[in-house]
Amino acid sequence: MNDTSTGDRLLRLYLTLVVVLLYIPMFVVGLASISRSRFFVFPIRKTSMKWYHDTFASLQIQEAVWTSLIIAFCVALLSVILAVLGALAYARYNWKGRKLYQQLLLVPIFFPQSVLGLALQIWFSSIGVQMSWGATVFAQLVWIAPIVTLVIAIQAYGYNGSVEEAARDLGASRWQVFRDITLPLLGPGIFSGFLFAILLSWGNFPLSYFTSGADVTIPEWLYGKMIGGYTPMVPAVGFLSVLAGAMALIVGLTIRVRGHSP
Amino acid sequence: MTEISESALPPASANPLGRLKLSKVSTGLWYALPMGLLLISGFLAPLVMVLLYSFMPRGTFSPFGTPTLENYVDIVVQNFYISFGWSLFLALISTLILLVVSYPLAVAIKRAAPKRALILTVLIIAPLFVAENIRLHGWVLFLDKAGVLDGGVKALTGFEIGSLVNSVPVIIFGLVYIYLPFMLFPMILGLSNIPTDVKEAASDMGASRWQMFRDIELPLAAPGILIGGLLCFVIALGAFSESKFLGQGVIVTIAQDIESAFTFGQNWPRGSALSVLVILLAGVAVWMAMRRLDLEKMLGRSQ
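Keeping their order, the protein sequence lines are chains A and B.
The numbering of the first sequence is this note's numbering, which starts it at 1 and goes up by one.
The numbering of the second sequence is this note's numbering, which starts it at 263 and goes up by one.
Some hints could be false.
As the list claims (entries may be wrong) - 25 Å max Cα-Cα, derived BS3-like pairs, lysine-lysine:
hint	chain 1	residue 1	chain 2	residue 2
1	A	LYS96	A	LYS225
2	B	LYS372	B	LYS461
3	A	LYS46	B	LYS377
4	B	LYS377	A	LYS225
5	A	LYS50	B	LYS407
6	B	LYS416	A	LYS46
7	B	LYS407	B	LYS461
8	A	LYS46	A	LYS225
These aren't lab readings, by the way, just hints derived from the structure by calculation.
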């Protein structure tokens, strides 16, 4: 490339600015969480850790953290199971309903989530399913499992199926092929998919809001406090939630980069 | 197009053993079954239920009454089309802005060294994992009166900006901010499909920068751009947090109307009729775009 000139430099500057802009809200939330005053005023007059103490002392928040975590793990585990099978059907086998299946899989992703959440709410109450964290797991699966399937499908496209056929020709059973060849080859995709699912579930609001009933996740707790009854614990909880997500992402990516090179 | 994608498949159809081919057909179906059941029971069935409810008399809580069109008439008579219009406008304008804003970003990331490009991509996707309302709350604290911007400028210069929230442009800004990763990520994938030698060849043959952009880059990156645009448009159509937090009542979007019909209004048929309208619009957009896409090729090649 012969144009490492002003154009390229401007482009790089623009990119840097946008990346900084993306993180401004997280930064501001962090700032607000250490401000002593009840309503955030900038520049901060007095800093304090009071809101973090309150947060850690709150049973309500502890419960919300557990609810969020349980939902995230259930969703990630179930998504990966569904998605490994779903991705093989998507990418590796030629079967009759394949095209239709591939299209159907995309529709929940390309769909307004608030409308999906409400539709599921109506559906659950019509068939007599109690709104709870379990219902939320199901609701989030409808959105997250297809995404995880695509992530794993990319991996499934990337390797050569002849290894599996060779193993079968040599007398390996279907299960042995799946366990000893297919799963390890899909490994990196499965890991990314699992991480993706955990993080998407952790941050999801619309699907949880309409389906969780009396159970409250962290994004729901924040929403409730923002709408009525504001407390500076909102930025404190918000910032902790950002930190938790960031740590999971960094740990996950480190394992992924060190462990496998696809 | 189809030949290429077919050849990327495992050579099932080319297998000389008819027996093996047959078993593969059913294996694919078996593997797809759990996901298929999830989508039927968790996606199609709820939508059918919404459709049924939309034809029920106002305020009923059973989908099996006498069908009526009154909810659809109400959309027009009771001015619900206004919030629908707002949602449509917001979705269109934020998607357009996102297209313009994101393209140079995707190009810049593509030109960066591989390791840097990976880090940048992760940095751009990562905000997706933070709940929308936390990020919007951050912007409110930044833009509101005595917030970081107003307070900071005042402390430095003595000049008061005042509150910037509660206006339509700020809502649009919020939408653009929230959906940027959705636009950028598919765009990066799309651009990475352009082989560098094609561009070099074109440049060697004397193509201008504009010609290269129009005749080579854009058509090859089109699927990624289309997916990004579609994703943003459809999700923005159902947006409700942005207008709630950054607009605080300046305008009402269709998703807010739907929510209040279901919750405060306790009027499921009305909420359902409004939902059907959104679903139809989203469905038409998705269907039109899907017909032009070969997703298999995109996923297969991006590896």
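Outcome of the hint check:
1. A/LYS96 / A/LYS225: violated, 50 Å
2. B/LYS372 / B/LYS461: holds, 14 Å
3. A/LYS46 / B/LYS377: Cα-Cα ~41 Å, so violated.
4. B/LYS377 / A/LYS225: violated, 41 Å
5. A/LYS50 / B/LYS407: holds, 24 Å
6. B/LYS416 / A/LYS46: holds, 18 Å
7. B/LYS407 / B/LYS461: violated, 50 Å
8. A/LYS46 / A/LYS225: holds, 23 Å
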